[in-house]
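*Asks:* Chain by chain, the residues:
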Amino acid sequence: MTQFLQQMINGLSLGSIYALVALGYTMVYGIIKLINFAHGDIYMLGAYIGFIVTTKLGLGFVPALLISMVGCAIIGMTIERIAYKPLRHATRITALITAIGVSYFLEAGTQRVMGAGVQTFPNVFVNETIMLGNVRISTQQIVIFVVTITLMVALQFLVNKTKIGRAMRAVSVDGDAARLMGVNVNAVISFTFAIGSALAGAAGVLVGVYYNSINPLMGMLPGIKAFIAAVFGGIGIIPGAMLGGFFIGIVETMVAGYGSSLWKDAVVYIILILILIIKPAGLLGKNTKEKV
Amino acid sequence: MLQVKDLSVHYGMIQALRQVSLEVNEGEIVALIGANGAGKTTLLHAISGLVKKSEGEIIFLENSLNKATARSIVSSGITQVPEGRRIFPDMSVAENLLMGAYLRKDKKGIEEDMQKVYERFPRLNERKKQLAGTLSGGEQQMLAMGRALMAKPKLLLLDEPSMGLSPLLVKEIFSIITEINKQGTTVLLVEQNARMALQIADRAYVMETGKIVLSGTGEELAASDEIKKAYLGG
Ligand SMILES: Nc1ncnc2c1ncn2[C@@H]1O[C@H](COP(=O)(O)OP(=O)(O)OP(=O)(O)O)[C@@H](O)[C@H]1O
Ligand SMILES: [Mg+2]
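Top line first, the protein sequences correspond to chains D and S.
Heads up: the first sequence runs through residues 0 to 291, numbered per numbering that gives the first Met the number 0.
Heads up: the second sequence runs through residues 0 to 233, numbered per numbering that gives the first Met the number 0.
This is chain D alone, in the form it adopts within the complex (with noise of 0.2 Å):
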């Protein structure tokens, strides 16, 4: 019972990473639906804002993830006007192989200008050990859990409850209808890539701070993990990347300290075969069907 409590406990840090990623992965899939590939390297960037601004700026934990969260929101702002705005009216499968190549532009160019080895993250708080029982909870567990869940619900409050977020929702299911309404779409979609780039952004940092060690390869097997999850809780729902990433990182944690971490990945692979198969439109997926 300890040991399990306590794989739940590393298994919730470690989803709370691939939620937030998936976030941004249903959220730009919802608008345009679009698999955003290089989005697993916007979190490689986040963390290495995070490194700049903690090492080279020499601020704390706030300011670092507050600040690589408005850059990772620039940043994917960024890529959209140019990547991928032109190609709005094009083929599908012309954007996503555009986006496979801004995640080897971003890595490529990480490599270049902050090297290609592993870098340190800093210490930014003290880190201790709580013990409940014989479980042990670190501080650092703490805080990722603390933003996370706070993000979450910033997030559920914007997408239902604001005038922007209605748009969003609006131009997730008619863009047209939408700008009968005289909603800018493409600003609405320049935001929701601001949006998940900045959850992403946050993601970055916390994983720094967790494992202290970044690199600019990084973004690659949590973007694909997070994508399961995205896909998991239904791709273009909100609650189901949230579900979905939670449910992965805790099953990836229990694989990995109850049988052998060698099967984690492909546990988590064998669960994405499963969903599509049984519930192609995911766990929280609707099985699409309109009035006429």
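Read the hints as simulated data drawn from the structure, not as lab findings.
Watch out, some of these pointers could steer you wrong.
Heads up, simulated BS3-like pairs for lysine-lysine below, C-alpha to C-alpha not over 27 Å straight-line [stated by the list, open to error]:
1. K128(S) <-> K162(D)
2. K107(S) <-> K160(D)
3. K153(S) <-> K66(S)
4. K52(S) <-> K162(D)
Distance ranges between label pairs, derived from CB positions [unchecked claim]:
5. I96(D) <-> G215(S): 22 to 30 Å
6. R194(S) <-> P85(D): 46 to 54 Å
7. G132(S) <-> I96(D): 29 to 37 Å
Note that beta-carbon positions come from the ideal geometry of N, C-alpha and C, so glycine has one too.
Let chain D serve as the given structure and place chain S with the ligands on it in line with the hints.
*Replies:* Just chain S with the ligands, lined up with the frame of chain D:
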């Protein structure tokens, strides 16, 4: 109020509108009738700025809309109720109405107009929180019209509001259109239901394969033999 001059629209190689000219005066109900594929929806989309014009000009309240965006067209006072309603199915009735008021900033005015919409369509009032996608076809049409009214349009474009509705509901919708017009909103009404449209229209245009082929007052057209044969079933 609205002048469309020699408007042509192409979809790739297909020419959907051929030098269409039409005029709507303030206070009128103008009907536009024509068979499937005649280009009626395309014309409304061009007025709303959803499709590119290849030729011609659209003038609204003395201003050319040629450079206008869909957004600025809405804020200049033209709102469209699109074909097939296009309500936002995953949003509640109330949220759909708020979408209609998207460009308005006057919170109080929006609140008041929402009440007016609920008074005009009591069925929506009973279903404020219901998801729009679960409304019946007639209720969705009312919601689409209510949503458009939330923008306080000077000119309301209606694309086949009677589509798929029972005769009784069609009557109700048409009487609501007349009422909206009486209260000061000019209406351009696209319809397949020529009989009903000509009854309430001050003037009407008939469109065939991208061209205006006939125009006149609603009564004139309703009495014309050509129209009787082609659109009124004898
Ligand atoms: N997005 C599009 N791409 C290509 N062709 C189109 C497009 N939209 C409409 N068309 C074509 O333009 C012509 C006019 O279509 P439009 O929808 O304007 O007709 P309509 O008069 O509204 O017909 P209906 O009464 O059936 O609604 C048709 O031949 C149609 O096939
Ligand atoms: Mg049509």
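*Asks:* Would you mind marking each hint as holding or not holding in the structure?
*Replies:* Going through the hints against the structure:
no. : hint                           : result
1   : K128(S) <-> K162(D)            : holds, 17 Å
2   : K107(S) <-> K160(D)            : holds, 18 Å
3   : K153(S) <-> K66(S)             : holds, 20 Å
4   : K52(S) <-> K162(D)             : violated, 31 Å
5   : I96(D) <-> G215(S): 22 to 30 Å : violated, 55 Å
6   : R194(S) <-> P85(D): 46 to 54 Å : holds, 48 Å
7   : G132(S) <-> I96(D): 29 to 37 Å : holds, 34 Å
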